[in-house]
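S.K.: Letter by letter, the chains look like this.
There are 2 protein chains.
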Amino acid sequence: MENFIYSISTRVYFGRDTLHHLEHEIPRYASRILFVYGGGSIKRLGMYEEITAILKTHHIAYEELPGVQPNPRLASVKEGIRLCRDHDLRFLLAVGGGSVIDCAKAIAAGVPYKDDPWDFFTGKTQVQHPLPVGTVLTVAGTGSEMNGNAVITNTDTAQKLAVRSDLLRPQFSILDPSLTFTVPREQTAAGIVDIYSHILEQYFSPTPNTYVQDRISEALLRTCLKYGPIALREPTNYNARAQLMWTSSLALNSLLTYGKITDWATHAIEHKVSAVTDVTHGVGLAILTPAWMEYVSAEDPAGRFVDYAQRVWGIEGRKRVAIVKKGIEKTKAFFASLGMPTRLKDVGVQENQLQDMAHSIVGTGEIGKFRRLNETDVYSILKNAY
Amino acid sequence: MENFIYSISTRVYFGRDTLHHLEHEIPRYASRILFVYGGGSIKRLGMYEEITAILKTHHIAYEELPGVQPNPRLASVKEGIRLCRDHDLRFLLAVGGGSVIDCAKAIAAGVPYKDDPWDFFTGKTQVQHPLPVGTVLTVAGTGSEMNGNAVITNTDTAQKLAVRSDLLRPQFSILDPSLTFTVPREQTAAGIVDIYSHILEQYFSPTPNTYVQDRISEALLRTCLKYGPIALREPTNYNARAQLMWTSSLALNSLLTYGKITDWATHAIEHKVSAVTDVTHGVGLAILTPAWMEYVSAEDPAGRFVDYAQRVWGIEGRKRVAIVKKGIEKTKAFFASLGMPTRLKDVGVQENQLQDMAHSIVGTGEIGKFRRLNETDVYSILKNAY
Numbered sequence: 025m026e027n028f029i030y031s032i033s034t035r036v037y038f039g040r041d042t043l044h045h046l047e048h049e050i051p052r053y054a055s056r057i058l059f060v061y062g063g064g065s066i067k068r069l070g071m072y073e074e075i076t077a078i079l080k081t082h083h084i085a086y087e088e089l090p091g092v093q094p095n096p097r098l099a100s101v102k103e104g105i106r107l108c109r110d111h112d113l114r115f116l117l118a119v120g121g122g123s124v125i126d127c128a129k130a131i132a133a134g135v136p137y138k139d140d141p142w143d144f145f146t147g148k149t150q151v152q153h154p155l156p157v158g159t160v161l162t163v164a165g166t167g168s169e170m171n172g173n174a175v176i177t178n179t180d181t182a183q184k185l186a187v188r189s190d191l192l193r194p195q196f197s198i199l200d201p202s203l204t205f206t207v208p209r210e211q212t213a214a215g216i217v218d219i220y221s222h223i224l225e226q227y228f229s230p231t232p233n234t235y236v237q238d239r240i241s242e243a244l245l246r247t248c249l250k251y252g253p254i255a256l257r258e259p260t261n262y263n264a265r266a267q268l269m270w271t272s273s274l275a276l277n278s279l280l281t282y283g284k285i286t287d288w289a290t291h292a293i294e295h296k297v298s299a300v301t302d303v304t305h306g307v308g309l310a311i312l313t314p315a316w317m318e319y320v321s322a323e324d325p326a327g328r329f330v331d332y333a334q335r336v337w338g339i340e341g342r343k344r345v346a347i348v349k350k351g352i353e354k355t356k357a358f359f360a361s362l363g364m365p366t367r368l369k370d371v372g373v374q375e376n377q378l379q380d381m382a383h384s385i386v387g388t389g390e391i392g393k394f395r396r397l398n399e400t401d402v403y404s405i406l407k408n409a410y
Numbered sequence: 025m026e027n028f029i030y031s032i033s034t035r036v037y038f039g040r041d042t043l044h045h046l047e048h049e050i051p052r053y054a055s056r057i058l059f060v061y062g063g064g065s066i067k068r069l070g071m072y073e074e075i076t077a078i079l080k081t082h083h084i085a086y087e088e089l090p091g092v093q094p095n096p097r098l099a100s101v102k103e104g105i106r107l108c109r110d111h112d113l114r115f116l117l118a119v120g121g122g123s124v125i126d127c128a129k130a131i132a133a134g135v136p137y138k139d140d141p142w143d144f145f146t147g148k149t150q151v152q153h154p155l156p157v158g159t160v161l162t163v164a165g166t167g168s169e170m171n172g173n174a175v176i177t178n179t180d181t182a183q184k185l186a187v188r189s190d191l192l193r194p195q196f197s198i199l200d201p202s203l204t205f206t207v208p209r210e211q212t213a214a215g216i217v218d219i220y221s222h223i224l225e226q227y228f229s230p231t232p233n234t235y236v237q238d239r240i241s242e243a244l245l246r247t248c249l250k251y252g253p254i255a256l257r258e259p260t261n262y263n264a265r266a267q268l269m270w271t272s273s274l275a276l277n278s279l280l281t282y283g284k285i286t287d288w289a290t291h292a293i294e295h296k297v298s299a300v301t302d303v304t305h306g307v308g309l310a311i312l313t314p315a316w317m318e319y320v321s322a323e324d325p326a327g328r329f330v331d332y333a334q335r336v337w338g339i340e341g342r343k344r345v346a347i348v349k350k351g352i353e354k355t356k357a358f359f360a361s362l363g364m365p366t367r368l369k370d371v372g373v374q375e376n377q378l379q380d381m382a383h384s385i386v387g388t389g390e391i392g393k394f395r396r397l398n399e400t401d402v403y404s405i406l407k408n409a410y
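So the protein lines, in turn, are chains A and B.
Residues in the first sequence are numbered from 25 upward in steps of one, following my numbering.
Residues in the second sequence are numbered from 25 upward in steps of one, following my numbering.
Incorrect hints may have been included.
Cross-link-like lysine-lysine pairs, in silico, DSBU-like; alpha carbons within 35 angstroms at most [said to hold, decoys possible]:
#1 A:Lys343 with B:Lys148
#2 B:Lys393 with A:Lys250
#3 B:Lys407 with B:Lys148
#4 B:Lys356 with A:Lys349
#5 A:Lys67 with A:Lys354
#6 B:Lys138 with A:Lys354
#7 A:Lys250 with B:Lys369
#8 B:Lys250 with A:Lys393
#9 B:Lys349 with A:Lys356
#10 A:Lys343 with B:Lys393
#11 B:Lys349 with A:Lys250
#12 A:Lys250 with B:Lys343
#13 B:Lys369 with A:Lys343
#14 B:Lys250 with A:Lys354
#15 B:Lys393 with A:Lys350
#16 A:Lys407 with A:Lys369
#17 A:Lys250 with B:Lys102
#18 B:Lys250 with A:Lys349
#19 A:Lys250 with A:Lys80
#20 A:Lys250 with B:Lys250
#21 A:Lys350 with B:Lys102
#22 A:Lys354 with B:Lys354
#23 A:Lys250 with B:Lys356
#24 B:Lys102 with B:Lys369
#25 B:Lys349 with A:Lys343
#26 B:Lys67 with A:Lys350
#27 B:Lys354 with A:Lys343
#28 A:Lys354 with B:Lys350
#29 B:Lys148 with A:Lys350
#30 A:Lys250 with A:Lys369
No wet-lab data here; the hints were simulated from the structure.
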């Protein structure tokens with residue numbers, strides 16, 4: 025086990041009818057805020073009226089940044105920064121899924137920073153004194169509601185990059201599973217894959233002696249397997265939505281990472297795929313995860329893939345190779361059962377793009393920690409997934 | 025799943041050589057502190073010198089409250105409060121196990137409170153504006169290093185009562201597993217039982233649809249089963265000590281409780297046993313847990329005891345009654361393998377005390393939530409454990 029510093033500071037209000045906590049939370053931080061949201065779904069749900077009524081009743085002045093897209097754009101971030109500066113807004117309320125929350129975090133980081141906010145993503149500068157952020161989550165998947173991560177797409181450079189800072193953890197997040205009842209089937213499914221992938225990226229680690237972390241990871245994976253299909257069949261099943269929503273937060277709030285070096289190669293590859301095609305993140309992960317598994321499992325001396333197959337899927341048998349193969353097949357079948365495409369060619373990638381993509385993903389070094397991957401490795405994975 | 029508010033605010037510095045974090049943490053809160061510790065072990069370990077050197081170098085003035093006992097006494101709490109008031113101390117540094125930390129929390133609550141600090145424990149008043157607390161943990165078990173609980177013994181009334189408040193969560197805790205290498209065998213074993221029992225008290229719940237919480241609980245239980253015996257055999261095995269220490273914190277930092285109603289009947293009974301006999305908490309729990317299980321498992325329509333036997337102990341079979349019985353037998357055998365006594369008569373309880381104890385434990389109501397227990401039930405459990 026590696027040394028670590030545990031610090032998960034976000035307060036979470038979890039459960040039905042928890043929106044009213046905005047009343048006492050927001051005034052702790054500011055009286056002038058930016059209200060960030062995505063498409064029209066929060067208006068259809070009646071949440072827009074509910075939230076603006078709360079803001080008005082409590083004399084909280086607000087400007088709006090609507091229309092934040094999936095794979096949120098740097099342009100939205102810049103627009104939000106401008107609004108905060110022009111109107112002296114001191115707090116960001118993000119209402120939506122991970123894209124909206126990520127966009128709000130990037131704005132929060134950018135307001136006090138004089139230069140281009142893309143600098144946070146290229147590593148040119150670090151986050152300092154961001155504005156505080158609060159969230160109301162309406163889609164389970166990214167885990168952004170409890171962590172300090174934000175992923176932003178720069179369409180000028182065709183890059184999708186992440187920033188990470190404990191300072192960007194939301195001050196509070198409101199998680200009402202019933203707000204996810206109306207999430208469309210495809211988006212629910214993509215969220216489940218995203219959760220599952222986040223757990224795997226941390227499960228596959230070169231760090232030895234992480235028993236408790238690994239058993240917790242398996243607990244979370246099995247929760248996805250149990251409740252994912254239920255949520256798709258019965259979108260208004262509160263328990264399924266609640267189990268997935270809480271699992272989603274635990275999957276990426278750092279709990280699984282503490283004490284471990286983690287992999288994240290599949291995410292690095294996927295970010296390129298969705299920067300090139302604008303495919304939903306979870307869809308890209310569903311295609312790439314089994315391809316990564318097939319490529320990497322060949323060399324797995326510690327038997328992490330055996331663990332995975334046995335403990336998550338209950339696969340029995342004596343031959344390691346067969347056990348591992350079955351675990352990967354089960355994973356593929358699970359993603360397919362959620363309605364996910366299985367090939368890169370099905371989501372708009374052209375075969376002649378693969379080499380450039382591999383080059384761009386790896387840059388001058390390597391990606392991944394469970395297994396280091398160079399450009400040739402990444403090209404093979406992309407080819408396998410094509 | 026029940027609604028819940030997640031708020032685990034303690035920063036944890038986990039790993040080898042983390043003591044130096046005191047240097048930047050304490051000055052965030054105060055320049056005059058009370059240094060609370062227990063017996064001479066921190067002097068034998070050289071920690072006393074190391075810590076006081078840090079305090080001196082960083083110009084942090086301190087008074088000492090040494091000699092805090094296991095099952096810490098109200099008298100120590102009052103002495104600590106007096107020292108803080110007399111010397112205008114504004115922060116508590118607790119170095120030791122749960123008893124030392126609990127004592128420091130009670131002092132922290134009591135300093136700004138005009139009346140008897142026992143009032144927090146009887147429920148006469150609530151914690152408000154406590155002094156901040158930081159800890160250096162030297163024994164794994166109670167989980168006090170990340171939670172807002174404190175248990176104090178009042179020898180005048182032969183009561184051992186708890187106070188709970190998020191305000192009493194330590195600001196920071198330093199968890200260096202190597203500091204537990206020299207914990208004596210008996211105390212290590214009692215700590216393991218304590219951790220195991222904390223998990224069970226939350227695992228056995230009347231709340232349905234808590235799949236992810238339950239699978240995480242089983243992950244933690246299995247970590248105790250795996251690493252408890254290793255830590256006893258090889259006291260300086262860093263990985264075993266690290267897994268137990270982190271499991272101990274996760275077991276009682278609220279993670280397992282969120283979304284659930286939890287039981288705590290066994291703890292209520294044990295607190296009386298150790299108030300009467302001064303037996304170590306974990307020893308009392310080792311005796312009482314199987315007795316509680318045997319009494320309560322007879323009525324378990326939801327099959328939680330079947331889950332427990334199958335998922336924690338891997339017991340197979342088709343007959344529910346036999347599966348449950350085996351699970352309880354395995355639990356008993358595990359505690360016995362740690363060197364725990366198995367009968368109340370072995371730890372100084374007299375048979376003619378049982379009726380009065382049952383009466384005093386239950387008071388005018390009932391205890392437990394998984395199964396409500398009245399005085400007759402508790403008497404039966406005590407008799408079974410005698």
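S.K.: Need the status of pair A:Lys67, A:Lys354: alpha-carbon distance at most 35 angstroms?
M.R.: violated (39 angstroms)
S.K.: Tell me if the straight-line CA distance from B:Lys354 to A:Lys343 falls inside 35 angstroms.
M.R.: Satisfied, since the Cα-Cα distance of roughly 30 angstroms is no more than 35 angstroms.
S.K.: Is A:Lys343 close enough to B:Lys148, meaning Cα to Cα at most 35 angstroms?
M.R.: Given that 35 angstroms is the threshold and the Cα spacing comes to 64 angstroms, the pair is violated.
S.K.: Sort out whether A:Lys350 lies within 35 angstroms of B:Lys393, counting only the CA atoms.
M.R.: Cα-Cα ~42 angstroms, so violated.
S.K.: Under the criterion that the straight-line Cα-Cα distance not exceed 35 angstroms, is the pair B:Lys349, A:Lys343 satisfied?
M.R.: holds (34 angstroms)
S.K.: Can the restraint linking B:Lys393 and A:Lys250 be considered satisfied, given a maximum Cα separation of 35 angstroms?
M.R.: The given pair, whose Cα atoms are some 27 angstroms apart, holds under the 35 angstroms limit.
S.K.: For the pair supplied as a hint, A:Lys407 and A:Lys369, is the alpha-carbon distance within the 35 angstroms limit?
M.R.: Roughly 10 angstroms separates the two Cα atoms, so the pair holds.
S.K.: Given the hinted pair B:Lys407 and B:Lys148, is their alpha-carbon gap at most 35 angstroms?
M.R.: Given pair B:Lys407, B:Lys148 holds - Cα atoms ~32 angstroms apart, limit 35 angstroms.
S.K.: What's the verdict on B:Lys250 and A:Lys354, does the C-alpha distance respect the 35 angstroms limit or exceed it?
M.R.: It holds: about 28 angstroms lies between the C-alpha atoms, which stays within 35 angstroms.
S.K.: Quick one, are B:Lys369 and A:Lys343 close enough, alpha carbons at most 35 angstroms?
M.R.: violated (52 angstroms)
S.K.: Does A:Lys349 sit within 35 angstroms of B:Lys250, going by the straight-line distance between their CA atoms?
M.R.: holds (28 angstroms)
S.K.: Is it true that the CA of A:Lys250 sits at most 35 angstroms from the CA of B:Lys343?
M.R.: Given that 35 angstroms is the threshold and the Cα spacing comes to 25 angstroms, the pair holds.
In summary, the numbered hints that this structure violates are 1, 4, 5, 6, 7, 9, 10, 13, 15, 17, 19, 21, 26 and 29.
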